[in-house]
Amino acid sequence: MRACVIGAGAIGSLFAAHLSRVADVLVLTRRQEHAQALNDQGLRVSGKHDFTGRVTAASDPRDLPDFDLGIVATKATGLEGAAESLAGRFAGATIMTVQNGLGAEEVVHRHGDWPLISAVTFMSGTKHSDTHVEYILDTATWLGPYGETPYERVQELAQLLVDSGLKAEALPDLQPAQWAKLIFNATVNGVAALTGLPHDAHFAVETGEADLGRLVHALVDEGKRVAAASGVELHDDPWEMNVLATKRGSAHYPSMLEDVEARRPTEVELINGALVREAERHGVDAPLQTALYRLVAARQASYS
Amino acid sequence: MRICVVGCGAVGSLFAANLARLDDVEVWAYDLFREHVDAINRDGLRLSGAGEALGRLTATSDPTELPSCDFGIVATKAMHTEVAIEATAAAFADGCVATVQNGLGNEEAIAKHAERVIRGTTFPAGKLLEPGHVQWDVKGDTTLGPFEPRPAPFDEVARLADACTRAGMPTTAVRDARGPQWRKVIFNAATNPVGALTRLTHGRVCEDPGLRRLVSGLVDEGKSVAAAQGIELDADPEDLIDHAAKPEVAYNHKASMLQDVEGRRPTEIDYLNGGIVRFGVERGVPTPLNRAIWSLVKGLEQSW
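Same order as they appear, the protein sequences are chains A and B.
Numbering of the first sequence is given in our numbering, commencing with residue 1 and proceeding in unit increments.
Numbering of the second sequence is given in our numbering, commencing with residue 1 and proceeding in unit increments.
Hints listed in this document are in silico derivations from the structure and should not be mistaken for laboratory results.
Even glycine gets a Cβ: it sits at the ideal position worked out from N, Cα and C.
Some hints here could point you the wrong way.
What the hints assert, rightly or not - In silico lysine to any residue, SDA-like type, Cα no more than 25 angstroms apart, as pairs: (1) B/LYS77 / A/GLU209; (2) B/LYS254 / A/SER302; (3) B/LYS77 / A/ASP211; (4) A/LYS247 / B/GLN302; (5) B/LYS77 / B/ALA87; (6) B/LYS254 / A/SER304; (7) B/LYS254 / A/TYR303; (8) B/LYS254 / A/ARG264; (9) A/LYS224 / B/PRO286; (10) B/LYS254 / A/ARG263; (11) B/LYS254 / A/GLY196; (12) B/LYS77 / A/GLY208; (13) A/LYS224 / B/GLY210; (14) A/LYS247 / B/PRO286; (15) B/LYS246 / A/SER304; (16) B/LYS246 / A/TYR303; (17) B/LYS223 / A/GLU209; (18) B/LYS77 / A/ALA210.
As the list claims (entries may be wrong) - Partial list, computed: chain B residues near chain A (C-beta under 7 angstroms): (19) LEU197; (20) THR198; (21) GLY210; (22) LEU214; (23) TRP294; (24) SER295; (25) LEU296; (26) GLY299.
Stated by the list, open to error - Cβ pair distances, simulated, as ranges: (27) A/ARG31 / B/MET79: 46 to 52 angstroms; (28) B/GLU262 / A/HIS128: 28 to 34 angstroms; (29) B/ALA228 / A/LEU244: 38 to 44 angstroms; (30) A/GLU240 / B/ASP220: 31 to 37 angstroms; (31) B/LYS246 / A/GLN36: 51 to 57 angstroms; (32) B/ASP220 / A/ASP237: 27 to 33 angstroms; (33) B/THR64 / A/PRO287: 48 to 54 angstroms.
Construct the complete structure from the given sequences, taking the supplied hints into account.
Here's what the structure looks like:
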């Protein structure tokens, strides 16, 4: 089994390092120095696990041999470029997408007819350097078939991830999980980006009139109405996901908060924008999610 | 006539220094900023910018030094109203107390400690340059009227308005001062926090169509709450918003709340959007957008 991880941010690095314990792992990076460092030093994991994996990295897809499994782990903002770099190659591969938001599969599909696997991940990590990632939340990755991809292939991949030491689960239909994460992400990332708060206890407090938990709850309820109108029955209740996550002790810094603090482009279009567009498509009123989307998009516009 | 300005920051200083120029008015100022108090007593209180003045008055940080006054003019930030009026109430046992502060709830807080209360709204603005010296940025009108639950006699309201007008601060006494107050509150609540959350100037908020719709959503809720109380706005806040967005007016203006956020100082959100929500709850008018904005800015304050 040979796997290729495309995009070695925190999530991509966690997949690559763990998979290297059960498969040959290639890593496609954007920067040549990054690939060089990985080839020289391997990829260190600390935190929940502690080991260093050996990987073969390159920054040019023409330098990569064929592989069986591709995991596209770029941020949603880098997805189009990553899919483009795979076009016309790797005919035998199955490709898994793990981006936040909706529609990543369609983007990859436009660049080739590989069998696709949809995934959402709840694990998190922090990259300390090109060759060191800290594994922070060891929560699961959920996988499901996209289009005609046989479910058995999804189950095999889920098993491979479990064998590598990660938590993973195959689901016959990923939409309920994808939507649960979409609603969770749109709400938590948006509120964190605007308030500057990491995902901490504030997000679950509903005692006082202005307590943030009330807003989070109302945003989640709107998201659930959009999901219902789209005919999706949620795999989990995003409000309960939120409450649970705030009880973990160490507060997570959502990527959208890190992005606005570093004045980088955020995933707001693919997360909050996707949810608001779904609401419009189904004629569902979502004034709070719409407000959140516009505020974060405007915050991003304030960089220039 | 003896007048004490309670809270001699920028706006308080505009009233204090101008009133001190009148022969028939003796002005006192109560403020906790010692260097400012000392400078006023030593050199007088100086205004420069939109108007020049040097007022001779007596300032103090010790409320027991205050003589019995005919009028109080409270000009603290809204979150300090309660403490300031409680400390100075004895000086107004036989007088009337007016507020020229931002937001909703100041009259109610004053009425807990004063018998005769004057509702007020003022548009002039400035900033404290150094102790004893205030820059007068914008001239503007002031409206005063009896606070309905504990009203000052209308003749007294008119006497204070006349003094302010003669001092160069054009002021109108009206029977119902709620219209101008709510127009200003709705304007501030719909624009200040949006600027603070997105970091955009007033003009840039208004030229983003999605954001401008959010501003209108906030205005509409405020109008509904005002209407439910039988308040007739003296002008449409929307006109004020569009007017202020013009390049020659306040396109590049950073809302005071944005300045507070950049300086990590507590904002007046509880008395703007929080005030609209509270009055809405009282009248059974839903205000989901104002509530959302209130929570987001409270969250932002908690992140410091």
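Legend entry - 46 to 52 angstroms as the expected CB spacing between B/MET79 and A/ARG31, which holds or is violated: 49 angstroms, holds
Legend entry - Given hint B/PRO286 paired with A/LYS224 - CA-CA distance at most 25 angstroms: With a Cα-Cα distance of about 21 angstroms, the restraint between A/LYS224 and B/PRO286 holds, given a limit of 25 angstroms.
Inset, instruction - Verify the proposed pairing of B/LYS77 with A/GLU209, using a straight-line Cα cut of 25 angstroms. - result: 21 angstroms, holds
Inset, instruction - Sort out whether A/ARG264 lies within 25 angstroms of B/LYS254, counting only the CA atoms. - result: Cα-Cα ~22 angstroms, so holds.
Legend entry - Interface hint for B/THR198, Cβ within 7 angstroms of any Cβ on chain A: 4 angstroms, holds
Inset, instruction - Given the range 48 to 54 angstroms, decide if the beta-carbon distance of B/THR64 to A/PRO287 lies inside it. - result: 52 angstroms, holds
Legend entry - Interface restraint verdict for B/LEU214 against chain A (beta-carbon cut-off 7 angstroms): 5 angstroms, holds
Inset, instruction - Take the C-beta atom of B/ALA228 and the C-beta atom of A/LEU244, compute their distance, and say whether it sits inside 38 to 44 angstroms. - result: 40 angstroms, holds
Inset, instruction - Please work out if B/LYS254 and A/TYR303 have their alpha carbons no farther apart than 25 angstroms. - result: This hinted pair holds, its Cα atoms lying about 15 angstroms apart.
Inset, instruction - Could you grab the alpha-carbon distance between B/LYS254 and A/SER304 and see if it respects the 25 angstroms cut-off? - result: 15 angstroms, holds
Inset, instruction - Would you check the hint for B/LYS246 and A/SER304, treating anything up to 25 angstroms between C-alpha atoms as holding? - result: The hint holds at about 20 angstroms.
Inset, instruction - State, for the Cβ atoms of B/ASP220 and A/ASP237, whether the hinted interval 27 to 33 angstroms holds or is violated. - result: Cβ of B/ASP220 to Cβ of A/ASP237: about 32 angstroms, so the range 27 to 33 angstroms holds.
The structure fails to meet hint 14 from the earlier list, while all remaining hints are met.
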